[in-house]
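K.L.:
Okay, here's what each chain looks like letter by letter:
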Amino acid sequence: MRTLSVGRQSLLAAASRMCHEERPMIAQSQTSAQPAHATSHPPALEIHDMTVAYHRKPVLWDIDLTIPEGNLVGVVGPNGAGKTTLIKAVLGLVPLASGKVEIYGRPYEDQRKIIGYVPQRESVDWDFPVTVRDVVLMGTYGRLGWFRRPGHGEREVANRCLTQVGMRDFANRQIRQLSGGQQQRVFLARALAQDARVYFMDEPFSGVDAATEAAILELLQELRSARRTVFVVHHDLQTVRGYFDYVILLNMRLVASGPTETTFTPANLHKTYGGRLTILDEAAEAVRQRQPIR
Amino acid sequence: MTAPSITMNVMLGTALLGATAGTIGTFAVLRRRALVGDMLSHAALPGVCIAFLIMQDRNFVGLSLGALATGLVGILVIAILTRWTRTKEDAAIGIVLSTWFGAGMVLLSVAQRQTTGYPAGLKSYLLGEAAGIGRGDVQLIALVALICLAIVSVLYKEFKLLSFDVDFATAQGWPTLVLDLVMMGTLAVVTIVGLPICGVILMAALIILPGASARFWTNRLGRLLVIAAIAGAAAGVIGTFLGSPLPKQLLGIELFDNTKYPPGPLIVLTAATFFLFSMLFAPQRGVLATAAAELQLRQRIAREHLLRALYEISEPYLPERPAVAEAQVLAQRSWRRWWVDWWLSRLRKRGLIERVNGDVRLTPAGLGAAAEVTRTHRLWEMFLVESAGIAADHVDRDADAVEHMLPKPLIRELEERLAAAGRLPMVPQSVPQSPHDL
Amino acid sequence: MFIIIAQLDWLEPFASPVAQRIILVGALTNIACALVGCYLVLRRMSLMGDAIAHAVLPGLVLAFIFSGSLNIAPLFLGAAAVGLLTTFLTQTLHQYGRVPTDASMGVVFTSLFALGVVLLKTYVSKIHFDVDCVFEGLLYQAGFDTFEFAGYELPRQLRTVVPVVIINLAVIFVLWKELKVSAFDPALATSMGISATLMHYLLMMLVAVTTVASFEVVGSILVIAMLIVPPATAQLLTNRLAPMIAVACVFAILSAILGYWLASEQVWNVDPSGAMVVAAGGMYALAVLFAPQYGILSTLIRNLQTALRILREDLLLMLYRLEEIDATKRMRPEEAVAAVGGGSLARWALAMLRHRGRIEIRDGRLHMTDDGRWRAARLVRGHRLWETYLVKNLGLQPDHVHAPADRVEHFIHQPLREELQKELEDTHRDPHGRDIPDLNS
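These protein sequence lines map, in sequence, to chains D, A and V.
Just so you know, this note's numbering puts 54 at position 54 of the first sequence, and the rest follows in order with no gaps.
If you count the second sequence from 1, you need to add 294 to reach this note's numbering.
If you count the third sequence from 1, you need to add 732 to reach this note's numbering.
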């Protein structure tokens, strides 16, 4: 419940900023999103009826999503809404209780080579004995395959990616000596080295300085102009409109998804962050306990 | 076979064992699984006894297979207990470790009552025994060690990725579960092969110590593995040497009576010595180096604080350099008297201050240094307070040289604003004005 | 009394005074370990017990060397010192050497143990115990090495074990709430003015003292096992600290008795301490399987019950909906079973429904009784309220809500149903336009 009230506060802040253009609410606008694209290309990401559970507690219920290619997609929702879980489920890091995921019309397992991933910064041990370049080179491992070591070509790729994120001078540093923003840039460079068509980034903007935030944003826009699709888990409501063309509003279930213009509305935000969530929580808890409380 | 050649034989075995245990153990340490070796070696004991009771023979391969079997069952049970019951991982490890070992002791008593074979030899599994292993056994240990080393070197890239970021590895399509099993399997095989030499408890040390020692010396995984392997091999050779008849034959001194000392504890003590040495004296991560760096930093901060205090007290009277009473300095911050006394005397030795009738006064050189320190501090202060939003993350706020960190135009702008507020420290006569500023 | 018992064949091992002395010493040692072990297990530091039990060896040997015998005072002082040293070194390596905690523990205890073995081997002629004793102790000596006290012949080893039990009990009694809080939440303890660090070191000192006192008696293996296994067993059976400690002590005593029996000549004829460990492990295994609340078996039974309940409810719901669509139509039992997924579980669920009088079979067709119909209506009501809620208040499209409601319907209990009703005010139709049954009619 505490997260809910926090969510409400940030909602108020965001809503007051954008209420000058109140729009009619469109709950499920993904159905109307760019049908032209959908026919010519398979969509970058398609999710059918996905449910994910941790320890028998459902964290995502019945997600249906279609995201066309070439968008910067913000994944937005309150704490515990399942944003990270959504990405992890798409990447096969947590098992699906039901449903299926397709990337460019084919199952995820076949498409691993065109997927890039930026995990949360806290997920690794930053005292691990590797240099910045070593970490970026890991992005090329997928293409290298078994047993082959990264060679001159891969090193070039890594250097180029490091230059792209402004970290070329740090290539030989041990990763422990980096600040939070620098660590994030290294992870981005690693994802760039994967040379993917679809990227999934988990909170790349969290805990970074303004300069890094600007640099990351620039990078995202470059990726978009190269017709890459980028999914970004994001928690700052105020910047959503400025950063993303497309949003997924999530709170244990899909509240809305679609172009930011039409979807990121106060009404939808209210449904994502406000509303009466207690009943949903209670039901989830009852299912977890596998026992009705009579 | 003569005594030296037996010793050389054992040395070869322990060297290869130490190198392999060090290499694979490094991964275990990095992945926070250092105690898996401990668990495995304890859980191996009942397997050894069961294998002996079945075979009625001390066949090394058979005993090792038995050990591997119960060790792996132990790991499985731990996984089940943590997944399915309320017992936490640490307790599950402790339970399996102690019950399996207790069962092993019971089986050992049973085995000892059997008259056939050489059940006494089974005891070597407790603390290890060099004499108990034959030439063929050593060759087998060497072979297994080489295979494990080969696995690590072939899968180096994969193991590196797995150890650093499992999620990323999975997302990239690596079969992380299989890789993990290969890594832990290698660890299990090395641990169990080493049991007859090092014994149940000390084999865990051979897994942990080389990697943990090597970590002090390098920040690169490749070098780390090489150093750990060398440290493990060296510990094996030196430990075996100390416990063998060789010192007496070669040097004429008897360090440890080889009839009494199993090689295991001596190998481990050698490795522990390496660890102690590394922890204390390694250049960057070593405790002494860290402490020295910390001390240096504190000293610099203390010196700068004192200089700044002196400058700020003198500031209203500039360009005159007033005599400052120590009480004034003491009032500036919560400093202790002896501490200020000590620092003032140090500054005086460097010619930065002079004594005037019991008070102190900045010398011209001291004023220059104090002004510089104060200017740097104020520039940073202003920059961080007013421009934190655009503060590049690269900024090292400890660095005294603003000039290296901030772009020139920004410094000039900050200086102008300080000057406008009358807070820009100037050094009137002592420092010649820069020609550019004229 | 004893004469009668002794005539029972299987009780024969317990008949001799030697046996009773061994069991007495074993049980008291086990209790001493279990008392402090509870805190180790709760604080998830069980392996610290393992580490200290190994690490005290050099301290023990040094105490032997200097005092020449087992005097209590130097022994306990040495133990406390080694306990503190192990804890301190582990923490220091972690903090200043940046060695991960598990590795630093491994480094410290293996090194100290190796040192202990070398010391032991060096002075082996001066001390009357060998490496075997390190693992198994000298428990069998308890039967013969005795002193007289108040007319009873008691094992000499009691003189080291009893003080430790008293110390442990006293510390736990005096510092009950302090230990409890710092085991539960060190940060909270610190904020309340209880030094969690002090409690940590105190606990480790107790572990060390207990370990050393027990070491010579029962050996390192039994010490580690008794520190961890009875508390872990008790944890599976209890929910609060005081009962947990009590139950752990009961299991400690049972391990001693059962272990001695297993070790006796009639059964395995082995050293008692190893057998006591096996006994403790066996009882833990039983608890894992059969503990009423946390056991694997009871979890499985609960899951089975839930599965059966869901199947029963699914069957009722199906019949209710069928009736709604066509009041004349009735299903055959095989059809109904197949429709909910088939299998023996579904048949069992159907049989239970009949047995409970929710369903009758007439002319080979299934008919709901009034009671069954009322229960089905209650379920349908929950389902349709939930669907309505999803559509009205969360903005889902009507064609998306059936599946979630299907999952949740079995878990919508009365209060939640009322809350939903209140939320939805006077809604009597679900998003698909069907009636939401009213239970009062």
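Calculated from the structure, these hints are not laboratory results.
Careful, some of the hints might be misleading.
Stated by the list, open to error - In silico DSSO-like links for lysine-lysine, alpha-carbon gap of 27 Å or less:
{"no.": "1", "chain 1": "V", "residue 1": "Lys1124", "chain 2": "V", "residue 2": "Lys1154"}
{"no.": "2", "chain 1": "V", "residue 1": "Lys1124", "chain 2": "D", "residue 2": "Lys271"}
{"no.": "3", "chain 1": "D", "residue 1": "Lys113", "chain 2": "A", "residue 2": "Lys451"}
{"no.": "4", "chain 1": "V", "residue 1": "Lys1154", "chain 2": "D", "residue 2": "Lys271"}
{"no.": "5", "chain 1": "V", "residue 1": "Lys1154", "chain 2": "A", "residue 2": "Lys382"}
{"no.": "6", "chain 1": "D", "residue 1": "Lys113", "chain 2": "D", "residue 2": "Lys100"}
{"no.": "7", "chain 1": "V", "residue 1": "Lys909", "chain 2": "A", "residue 2": "Lys382"}
{"no.": "8", "chain 1": "D", "residue 1": "Lys113", "chain 2": "D", "residue 2": "Lys271"}
K.L.:
Which hints from the list above does the structure break, by number from lowest to highest?
P.N.:
5 and 8
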